[in-house]
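These protein sequence lines are chains A and B, in that order.
Residue 32 in my numbering is what sits at position 18 of the first sequence, and the numbering runs on without skipping anything.
Residue 352 in my numbering is what sits at position 338 of the second sequence, and the numbering runs on without skipping anything.
Calculated directly from the structure, the hints in this document are not laboratory data.
Hints may be right or wrong, so weigh each one.
Same chains, same names: a pair is fine if it fits in one copy or spans any two.
[Claimed, not checked] In silico EDC-like links for lysine to aspartate or glutamate, alpha-carbon gap of 16 Å or less:
1) Lys98 x Glu357
2) Lys248 x Glu276
3) Lys248 x Glu278
4) Lys21 x Glu121
5) Lys189 x Glu216
There are 2 protein chains.
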Amino acid sequence: MAEVRNKRVVLRNYVVGFPKESDMKIVEGRVKLKVPEGFDKVLVKNLYLSCDPIMRVLMIKMDFIDEYHHYTPDAPLTGYGVSKVLESGHPDYKKGDLVWGITKWEEYSFISPSQICFKIEHTDVPLSYYTGILGMPGMTAYAGFFEIGSPKKGENVFVSAASGAVGQLVGQFAKLTGCYVVGSAGSKEKVDLLKNKLGFDEAFNYKEEPDLDAALKRYFPEGIDIYFENVGGKTLDAVLPNMRLHSRIPVCGMISQYNLAEPEGVTNLAHLIFKRIKMEGFIVNDFYHSYSKFLEFVLPHIREGKVVYVEDIVEGLENGPTALVGLFSGRNVGKQVVVVARE
Amino acid sequence: MAEVRNKRVVLRNYVVGFPKESDMKIVEGRVKLKVPEGFDKVLVKNLYLSCDPIMRVLMIKMDFIDEYHHYTPDAPLTGYGVSKVLESGHPDYKKGDLVWGITKWEEYSFISPSQICFKIEHTDVPLSYYTGILGMPGMTAYAGFFEIGSPKKGENVFVSAASGAVGQLVGQFAKLTGCYVVGSAGSKEKVDLLKNKLGFDEAFNYKEEPDLDAALKRYFPEGIDIYFENVGGKTLDAVLPNMRLHSRIPVCGMISQYNLAEPEGVTNLAHLIFKRIKMEGFIVNDFYHSYSKFLEFVLPHIREGKVVYVEDIVEGLENGPTALVGLFSGRNVGKQVVVVARE
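Just chain A, same shape as in the assembly:
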């Protein structure tokens, strides 16, 4: 069995502050496309890799995230991706299967069956969707909005990072539920997208709002019932006094804080009491048992064009570091995907 090239993106060293392209490097290894005898792993060709904010958290040394393997210098990054099985040492998978789950930032990987989230059964939709609307971000939006947020028709919903991989879906799910939904994002292009393509009732550019509290009072004169939290810090602090009685804050992410040596302090938490707010962090892994229910819900909407999904697709693993770093300056418009190979 001949060896082939295996390009990889590896971490150079633990990251401090905003991640830079130079925190990663491209290396070329070699790999034998053969599962060794008695080895129960699956050999895959990686097709699409997902750039996710959580990856920033994995670039530092931490001890409190049980579900994720932290990155270590000189090892390839890991993350969600769509892959094709080339050979399987495990009876549940066979050559040609398409899967999505946790893989490595390289061309070919040996992965454990436990890292695979699901086999891909529906291929009439773009395969890249399994890094987004049909993958972890989609399931995150679904679980966070419906399970943690408990939305009711007519409620007022605010979404930060609203054009991102998760936010754009939360907004559309809110509209499907009959809610009024406003999104914030960081550029005119994203705001236009929210209002004109994604169906948000209103959207604003938070960078052009010197007084976020005033902006929220303008869009939510009666207050917010659900704040879908993606950013944390100052945004959360401005949102808290604008929440309504018995409102909910599903905490999905706090991307504004991950690169700060000293996170911004949140000072308005006493509003949790005054307004009886439920603020609940969640991780999608706890909800994958609902994945088939989620697909039944979302696939028809995609096919009928009632839910759309905006992707920002970068070609080539070698462009992965730039794409990943871009997440933290908001360069991407929509879900950031890296194409390693199309088939």
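With the hints as your guide, set chain B onto chain A.
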């Protein structure tokens, strides 16, 4: 009908920073002990008044608490109390009834039936208990710990302000549930009380712990399942990284923050995500429908001596301001009560 003296505690002006005795003053009015014809209020003699942290919040101008009337200068403070009905303009109450609910800081008050929480049916326990264990703080501890906290046998519980009106009950309810419980308080006397009288497994003086994170790691090497939040600020920030997966934070109060012009920023909120923590504010008013169930639970425990209650009783309405101010420096040991009259 002769008029009698009606001593009152009134607010001098809106309060900034820590409240001082001089923010209040004692005035003497006169009152006719007679309900005017056609007036549906209830004339009561106030017996016991309750000093509660929320009263500090009512001393400033705010617009977001619907359930409470804010204080206004020259008007008497309002708060929870135990009162005796002298005359009633409302058919639900009659002379001689004992009631607890929201009354005014004065000797005699006309109160609306809607301000009365409950008629007192059980008088084989101290009447003052209806400002504490059998009143708002007791119901608060019960609802917050059992309803919001969802405790399970064997879980690890941390309570701040643990010797206070609510905290001392949370600890005892936790022990009744089979939990391991640790309390923090601000003096050696209170720590001794927690360990020797109130049955906490461990207790510590937070003022003598330069590194609160280290203290929590010492008492909770496996982390905290329920943090009953009474104080906010730095304590909350130290607690968050010590919470376990799927842990809960019932947010009852944030007394450390009420007197600060700039509340302390909480920086560790991203742990809500990593640990899937549910942090939920609550106000006891939402739980009074369970009051009779609560009495059924707690009265037998009191009678059998299985739940005890520590009160700090001050004699005389004129000493009310000192007692109230003392709450915010932690001068009181146990529930702070002001006796206006014993019958």
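Here's how the hints hold up against the structure:
{"no.": "1", "hint": "Lys98 x Glu357", "result": "within (8 Å within a copy, 82 Å between copies)"}
{"no.": "2", "hint": "Lys248 x Glu276", "result": "both (13 Å within a copy, 14 Å between copies)"}
{"no.": "3", "hint": "Lys248 x Glu278", "result": "both (7 Å within a copy, 14 Å between copies)"}
{"no.": "4", "hint": "Lys21 x Glu121", "result": "within (6 Å within a copy, 83 Å between copies)"}
{"no.": "5", "hint": "Lys189 x Glu216", "result": "within (12 Å within a copy, 50 Å between copies)"}
Of the numbered hints stated above, none is contradicted by the structure.
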